[in-house]
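K.L.:
Take the sequences, apply the hints, and build the full model.
Protein sequence lines, in the order shown, are assigned to chains B and U.
Using the working numbering, the first residue of the first sequence is number 1, and each one after it goes up by one.
Using the working numbering, the first residue of the second sequence is number 1001, and each one after it goes up by one.
Since the hints were derived computationally from the structure, they do not count as laboratory data.
Heads up, simulated DSS-like pairs for lysine-lysine below, C-alpha to C-alpha not over 30 angstroms straight-line:
no., chain 1, residue 1, chain 2, residue 2
1, U, K1528, B, K4
2, U, K1649, U, K1541
3, B, K4, U, K1618
4, U, K1528, B, K33
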Amino acid sequence: MNIKSKKEDKKTTIFISGRVDTNTAPELLEFLKGAMPGVEELVLDFKELEYISSAGLRVILFAQKTMNAQGSMVITNVNEDIMETFELTNFTDILTII
Amino acid sequence: MAVEGKLTKFLNERKWVLPVLFLTMCVLFIATIVISEIRRFENIIPTFAFSIGGEVCAMAVAIMLTLSILPAYKRQSGFIRIFVTMLTIGCICCFLDAAQMLIDSIPELAMLNKVICIFVFANEIIFVFFFWLFVTYALEGRGRLFFILTNIAVIGLAVFTILPFVNFFYPLYFTMSPEGVYARNTQTWWICRVYLIMIAIFVIIAIFTSKSGLKSKITIAVFMFIPLAAVGIGGYKYGVSLLYTTMMVSLVMIYAFLFSENEKTLFSTSKELGLATNIQRHMLPSIFPAFPEKKEFNVYALMNPAKEVGGDFYDFFLIDETHLCLVMADVSDKGVPAALFMMASKIMVQNYALMGYSPKEVLTRVNRQICSNNQDEMFVTVWLGVLDLKTGIMTAANAGHERPIIKKPDGHFEVLKDKHGFVVGWMEESVYSEYQIQLEKGSKLFVYTDGVPEARNATEQFGMKRTVESLIKNEDIPVEQICENLLKDIYSFMGNTPQFDDITMLCLEYNGYEQEGNGVQLPADRTKIAEGINPIIAFLKQQGAEHKLIYKMELALEEILANVASYAYREGAGEIRIQYKLLESPRAIEITVIDEGVAFNPLEAEEPDTTAPSELRKIGGLGIFITKKTMDEMKYDRRNNQNVLIMKKLF
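P.N.:
So this is what it looks like as structure tokens:
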């Protein structure tokens, strides 16, 4: 897993690539915890993300809950596999995926 | 040849025949010597003494010869029994002739002399008749001509055996003076030779018409005319009775020339027959279990031939790793020609099957090939099936053979009303069709030849009903015992009735297809779960699985392994074992995850509410939920203090 972020005023875009699994999810969680304060518009770009497991979903859920309180969060460029996981778990209902 | 047949049968079936004949010869021999000792050779005509000496010698030779034939007696009964009977009758002739000469000219014994003389004449006729039987045997005389000649010989036997007894009332052959002196009735005694000459003519006819070897013919011809020559010489000079002695000597010579030759060929034929039987047996696969490494099926087959070499055959072989070919066939004949035909058919069927032709194509081709060069008009019925071990689909074709009997896993053995084609080897244009049967895990198939339902006892046939009943009675035991028990049932049904046809059967059990299982072991550590996932991903890629399937499998595995690694071993470290294998029909991957941690059934874990808004969503239980959603089948079992979770995903 690799994480890059781009900050423009109140909007932060985070590029996540590779795999978010049991072992890498804590790292993502720590990164988000550090990156989210003061952000009103969070974009998670999944263009390079190949794989996400429930550990990753939990981090996404945490981020969504946090952003619900301070602004908005969108997820972009979700691949087919990950989309299916979102649908399976009804994450599509609570996430904004564009 | 009813008389000859009955006689030979009598001689063959009675065990006491040989000992009685042998003892008779010994008694006659001793009796002749004893009488000679009592009578002494005083006042005896020198030619009588000469003849008696010859006859005693001939009897001794006959006894020695019988002793030497003893071992062969059991082997080649008909021929040798007639021969020994001839020797015995020859001995009786010698004895009576010698006795007659010894008591000749003794007035007190005139009546006895007369009786003996009559018996000498009668006995001679019987001897000649046996000589004829012997000739028909030696020349392998069959057919209409031999039948007629033998019938005439039988009538002649009756007439000429009774004729000497006329001498009680009328001196047809001889006169007996009150002094007890024998004298030929020169007017009519030649009648006693009519039968001998008649048979001599028969023998000449037989020699000319028989297809037997030249050596047999010459031997019989030459040695028949030695006694005739003796009659010629001795017949005109009263007192020199060489007939019986030369007869016996001829027999000895016939034995030396003919039997030694016959035994040589007999020995080699029986050896070759044994060899043929052996070759045939070895051609049928008979080592069980036949494919111990193949878990997909069990097969057992047996053949009990009626004659030494039969025409039935079964066969089973792997065409490739996943196709098993089964053959059950019955050649229309028995014996060596049928066995050769059977071997050729078997090889042809196997060759075409191994070339990958489907059952109907195999039969069509084998039929064409056999028909193109089948002068013996033999044919073979064949049931041929090819089982796809992966799918359980049996493709079969039937060329006039008995219907297979099939058991579904939850049913009983039932006769399958399959489509029949024409027998193989009869019509070149025959075309065969094939059909398919789906065998499921636990299905059984039984094929057999007509020797099974057509096994007979004294009153009725074993029949299909009993066959199916016997199979049903044993349907849940291994295939080997199903066959052996059916065979036992057939034999106990038959009782003492001899077996007429080969009894051949084959039973197959299909166990379903399972890829060899693979396994991986890893510590129950969240950071190490890739060790459990990666080999399985690699395996799936190698099996050509789609990306989607691999992705879902990876996801499910991670969730389950992470769960086990996090919660199973609350105190200290533990291990996780994973087994995985491919399943067929339908194609799927099955993964078993085993840990020895605290009992936990993930399938009963509380499911997260996936409809709640994000604020209310809990983070627990999501992994197992994903797994359940992505897998097609999940099973949990707690056994031996282990959590065993089986996951299945269809391809």
